[in-house]
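Asker: As they're listed, the protein sequences go chains D and F.
Under this note's numbering, think of the first position of the first sequence as 1, with each following residue one higher.
Under this note's numbering, think of the first position of the second sequence as 1, with each following residue one higher.
These aren't lab readings, by the way, just hints derived from the structure by calculation.
For every residue, glycine included, the Cβ atom is placed at its ideal position computed from N, Cα and C.
Treat each hint with caution, since some may be false.
Stated by the list, open to error - A few chain D positions that, by computed beta-carbon distances, are all more than 10 Å from chain F:
| no. | residue |
| --- | --- |
| 1 | L143 |
| 2 | A238 |
| 3 | I268 |
| 4 | L283 |
Said to hold, decoys possible - Simulated restraints on C-beta separations:
| no. | chain 1 | residue 1 | chain 2 | residue 2 | range |
| --- | --- | --- | --- | --- | --- |
| 5 | D | L293 | F | A10 | 50 to 60 Å |
| 6 | F | A59 | D | I140 | 30 to 40 Å |
| 7 | F | G267 | D | G145 | 34 to 44 Å |
| 8 | F | L74 | D | L153 | 54 to 64 Å |
| 9 | F | W164 | D | S271 | 42 to 52 Å |
| 10 | F | V146 | D | T83 | 37 to 47 Å |
| 11 | D | G145 | F | L274 | 54 to 64 Å |
| 12 | F | L274 | D | I140 | 27 to 37 Å |
| 13 | F | Y131 | D | G269 | 24 to 34 Å |
| 14 | D | S271 | F | D277 | 27 to 37 Å |
These are the residues of each chain, in order.
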Amino acid sequence: MMQYVADGIVFAAIISLGAIGLSMIYNILRFANFAQGEIVAAGAYFALAFVALLGAGVGAMGPVAFGWPLLVSMGFAMAATSTMVLLVDWLLFRQLRDKNASRIALIMAAFGVSLMGRNIVTLAAGGDPINYTFYIPRSIELLPGLRLVPDDLAIIAIAALSVLALHLFLSRTTMGRWMRATAENPTLARINGIDTRVVIRWTWIIGASLATIAGTLQGHIVELRPEMGFSLLLPMFAALILGGVGNVYGTVLGAIVVGVSQSLAVAIGLSAYREAVAFMLMLAILLVRPQGLLGERE
Amino acid sequence: MDFLSVLSFAVFFLIFASFFSLTSLGLNMQWGFTGLFNVGVVGFYAIGAYTSAIVTGPAYPDTLFGGFGLPVPLGYLAAILTSALAAFVVGFVTLRLREDYLAISTFGIAVTIQLLALNLQSVTRGPNGLYSLPKPFSGLSASNLVDNLLYLLICLACIGAVYWAFERMVRSPWGRVLRAIREDETAAAALGKNVFAYRLQAFVLGCAVMGLAGALYANFIGYISPQDFVPIFTFQVYVMLIVGGSGNNRGAILGGLVVWALWSGSGGLIAAVLPPDLQTQAAAVRIVLIGLILVLMLLYRPAGILRERHIVSHEARMGDGARPPAADA
């Protein structure tokens, strides 16, 4: 049982990084970004391109089967994905905002971008699964009955550090305070001299960067496929809703609940229905506590 | 090409277009008139298809449930009921909340149905699919032409019936409330309208029609498997509705026809022009193009080919182009 919980937390680490972007777009731009999965996938594939450009493999850190080459590639990929996302915002979402399009039109545009994104990845990299490197997970026994792969521990550490960095950014920097103010009340934020265009830009950059980390880590321990992000979309949405929309920390908590539940579904032999478990959890929480675990009523 | 083969191709094409037109009509009730964003259109279509397959299909040696072999009309009816029931559950939970929740939950339904179709082997036979589904009037002629023509008539009758019913409904006081909700939910609620109940009714109605379309598809093609129900379907139907003109039932039907013609035509063209080893890329290019159509329509012509007619009711007809006083507010 402990084993399944541990596996669930590794998955939770990845979906929470993806879902934070979803949560921030939801709070600041106020729409459900159905293209978030493709941002995750784009990040993973950009990292693949930089791994190939650097030509140094993925490296290693002691028992962990990836090292600085993958991390450096991931850093470049964060910049590349952010640039791409800003371009899409400038071409499409900004125009819809300027036209005062409804929230539904924004969701629908995101839905279109998601479908196009998946197929552009297929065009660029082919539809077959790719790996950064030939990776065989080697587990070590941490406690009796609890075996963990060093890479999984590294992933949890990277996710925890990313969330901590985000927390410091949101609570200590001016931009972070601007973001929270805009999420709370955009009109009041503008009246107080906050340039919401800059806030929106930073929202996309942070969301895309965290999504790139999620994609790269997922790509490392599983594989890269054009649909890799799309198949994470439902767990990410479930994490967002479970934790409570409007609360980034709630999203992380939601991700842990979703990750562990999906892992427990595997434990009781329902591995084929993992994503349905996320969906059922989501419907249940909407029925009982629509504001989510940590959310406040609107 | 002789006349008969052209005719049978045309009939086959129109039958497929009618599945899309019917689904698009169902979506129009939700998106066009009420402003509900259903991301899981394909899920409700699949529920209809699988229900009719289970109710009307033969018993298979490797399934535990299904194979009732009942008459096809009962399959259609069951399809309408199950997709309406699924819509009721999802709608009941999410339609009280912000509109995004419906989008997310319907997306979840589509994913869940896909998982069930793939993995619930004892009912759906998983990836192997359900086969030998009965088709009404089959075997009347050697070339299938006569029974396809009759099937086309069934499809057209369904479209006609739904069109007639929906037109009556949206022009009634009930329909005016739907549009009021779409334009300004708070104002509609302030006038004492139960926004949740109206939305739920429109949502369930639309999904029931999608389920019927799925059932028509299953009993025509005779074989269904999970690959038939992929997310691109939802997307195609949105493009059809938006190109045709959302909020206009004729536009919904027309959009199904026009976009299906473009889609199958471009598919034939690409298959003919490109070498076989580039077909995967070709399929991707086609999807990117249809995505571009959607995005460009959203940006530059959100009204579609046939725009919504501003008619207050049967009794108070207004000329084309005239706007009801309320629209200026």
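Asker: Flag every earlier hint the structure violates by its number, smallest first.
Answerer: 2, 4, 6, 7, 10 and 12
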